[in-house]
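Visitor: Here is what each chain is made of, one letter per residue.
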Amino acid sequence: MAEFKSSVIDTDAVEAVPTQAFDVVVIGGGPAGMAAALAAHKADARVAIVEREQHLGGILRQCIHPGFGLSHFKQELTGPEYAQRFIDQVHATDIALFLDSMVIGIDSGESTEDAAVHSVTLMSPTGMLQLTGRAVVLAMGCRERTRSEIKIPGSRPAGVFTAGLAQRYINIENLKPGSRAVILGSGDIGLIMARRCTLEGISVEGVYELMPYANGLRRNVKNCLDDFGIPLHLSTTVTRVIGHDRVEAVEVSQVDEHLAPIPGTERVVPCDTLLLSVGLIPENELSVAAGVELDPRTRGAVVDQSLQTGVPGIFACGNVLHVHDLADNVTTESERAGAAAAAYALGCGAGADADAAGPGCELTVSPAGIAGYALPGRITTVGLTKLNFRVRRPVDTARVRILAGDKELFAGKVRPFKPSVMESFPLPAKVIQRALDLGVSEIVLSVDPVEEA
Amino acid sequence: MAETFDIAIVGAGITGCAIARQLARFDLSICVVEAANDIALGASKANGGLVHAGYDPAPGTVKAQVNARGCELYGTWSQELGFLFCRTGSMVLGFNDEDRTHLEQLRRNGHVNGVPELSIVGPDRIHELEPRASADATCALWCPSTGLVDPFEVAIAALENAVANGVTFMRSAPVEAIEVAGSGDDARFTLATPVGNVRCRYLINAAGNGAADISHMAGAEKFHMVWRQGNIVLLDKEPRTLMPLYPVPTPVSKGVIVTGTVHGNTVITATAAVREAGDTQTYASDVNALLTGARKLVPDLDTRRVVRAFAGGRPVIQGTNDFFIGQSAVVPGLFQAAGIQSPGVASAPAIAERMEYVIRKAGVALRERADWDPIRRAPDDFDRTPLARKEELIESDPAWGQIVCRCETVPEAEIVAAIRRRPGAVSVEGVKRRCRAGMGRCQSGFCQSRVAAILARELGCDPSEVLLEHTGSWLVEGPLKGVR
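These protein sequences, in sequence, are chains R and H.
Per my numbering, the very first residue in the first sequence carries number 1; after that it's consecutive.
Per my numbering, the very first residue in the second sequence carries number 1; after that it's consecutive.
Chain R extracted, bound-state conformation:
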């Protein structure tokens, strides 16, 4: 049957659009994009940042709570303060800023004599524009999972908000989304919003969590719920939204070990607002359109150790790659991506790598045990490699193991793991070399619970 795709890109017309050339084009002006751009600029690349909002800073602009910068600046900052440090640095450089600009397409690279040149088409109130660069850094961040994705049944009244939307209403628009709120999900945004609502005079009836443990950082459970006497109901979820025009109540139910609601445990909680903090999803529609392969576990790109995707010259970092726990970690990762992108662009491609210019190889990395994912998914250079992962459930005693076939190449020390923490693990070059010596094409990062003696 006929295809009727919604976006029409007429290639003839694209050629008529004004073009500006850069070495590195960074898509997204949040913490990831700014850190990547600054690192690329430091490596002497000509850099552009494309940002769809009128301001740099991304979601940090509405994260007015403290807790940022403890690792990067050794100082506790609010989200806007943390962002401002990078905004000031960007403004002190000649990094070109394209604000209010929406990227509508990235082509996967026009071949030239030495290396492919990517072109990024964007539109803004001043018109269409095309930016070219040998390297592109994807730093578009993530979006919130919605009510529909977790399939909460019931009616569809006003008053059901993702936590981030409610945060925008309160912190940016100075608007009160309701008077009595129920929060579903104990991720960090849900916890932060429980406190924020309370401080703004919105009564929080309770935070409900499907899992038998809190999903956010421990410090947030204490600072945002315990200190304000807000109850946290574990193994409980919202099973029905009630109210025709505006939320009048929600029905909550306890869930069994398979996370299925237990009939007979339903309880109706009157409220006018339901906030959802039920997960974040990397926003990769542009990446997919550019031919970037995604990892179904992270829903971000499959990358190598320099954070390069499967499309040569396209790099990814921050929450568009995998959902981070702390903005500080986004910064650190994105600096790596920016430096690698600059090295790629200036070295004109093939094999140029920022820090680890070891011999080439081709290994895939897979998660096992309670590890939910492993990043990077590919290793193409023998060198010290930073591995990131998260566990799927909390355990008090477990260890990281690196496996190649039936051989254990490495075993870490026994310690607790929590799903709220994005773990980082330095994989030594010699372990990679041992895997290669064994002739395998895949290594496994396995996190395995250990019975205490």
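Since the hints were made in silico from the structure, they are not lab data.
A hint or two may mislead.
Below, a list of computed lysine-lysine pairs in the BS3-like style, where the Cα atoms sit at most 30 Å apart [as the list claims (entries may be wrong)]:
(1) H:296 <-> R:151
(2) H:254 <-> R:151
(3) R:413 <-> R:222
(4) R:222 <-> H:481
(5) R:74 <-> R:418
(6) R:151 <-> H:237
(7) R:222 <-> R:418
(8) R:386 <-> R:74
Chain R is fixed; fit chain H onto it per the hints.
Guide: Here is chain H on its own, set in the frame of chain R:
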């Protein structure tokens, strides 16, 4: 004293809007009276958007007479009214010999009902027509005339065209009582609504799930509506739009259908359960049944990518599975278009055509107006616009370059246009139905506050007065703190 209209149409669903558009060509004063604050807020909204071809209704029924004709008319209607219509064709998949017997029966029905080019095809042709159709399907009824529309776009386009031709639209005007004067009276019917009385010579009942109440209020036929509720699931966009795939139908419904939409999403439609009137809740059991049913037809469907689940009630007249279209036998001058359940969307243009015929036969003088304009100029749909036109638009007004809804690429200018058109959007959902802002995968998480701010500005109201949908669906209470 209120104006007396020649004709009042109760209900601005797809049926009422199509009838208004059909009759707007004549020298008549017409008023469409709608209980809700916008167009297509009842059964027309909770709909899978399929233009069924017409092989399904039993020959001889009213449905059988209007379905295939409606499907045919969509070609010209979509051109004149500028709404999206894709004649994709469809298949009813059969998995065994018993199914094949049903398919043969459907093909014969279709032939009698005037559905063109039906054929039974085998696995190779099935795979060729829709590679994602289940490999277990052994046979299928291939029907090239089936199509897709966006049901609210059809209703909105029809009423915009009617209004442009002089039809009056009264919204938020639920009919609370109907007074009927003698048949010779110039204003035979007086409709009492909270926003004033409407007087008219002739009355058309296109009130959907409220049709029985309207008929009773007018002292006409007594019948009861059954709320045959359906849940529907909308999935995210796919690289290639799926052809509509049907299972073999059951006696009360067409079963769980999987289809692409005109916007490239996938829809799974619909369950059928008799529930309490007005129940538009979704149910976990229904949603699971949809996802399971869909995977039988399209095994590789990624049913995790749910963008939205919704529900509505099909307006079924108790005791019949058919449409009721005609002049009231009890109250002359009252014309019924009741029981317009499935296939109401597919039939709408033909129901309108039939209503014209019925009215003419009843002796209403229908003189065509010289200045009637059948063409509705559709608003610019930025996302679908070729690049050169996009640049022109941005040059004409920078608000075309200011993207508000990132999932569906909807700029501010398109939202403003949705509010300023006549009849325009008065709510966040009304904006969404007209230009898709908030329709995408993030379900307005990023753009709701921006759309609400544009509505407040355009309607000249306070943010606390901005509605999600119906009266009472306030989004925010008001400012948190005073500005110091």
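Visitor: Which earlier hints turn out false for this structure, listed by number in ascending order?
Guide: Checked against the structure, no hint fails, so every one of them is satisfied.
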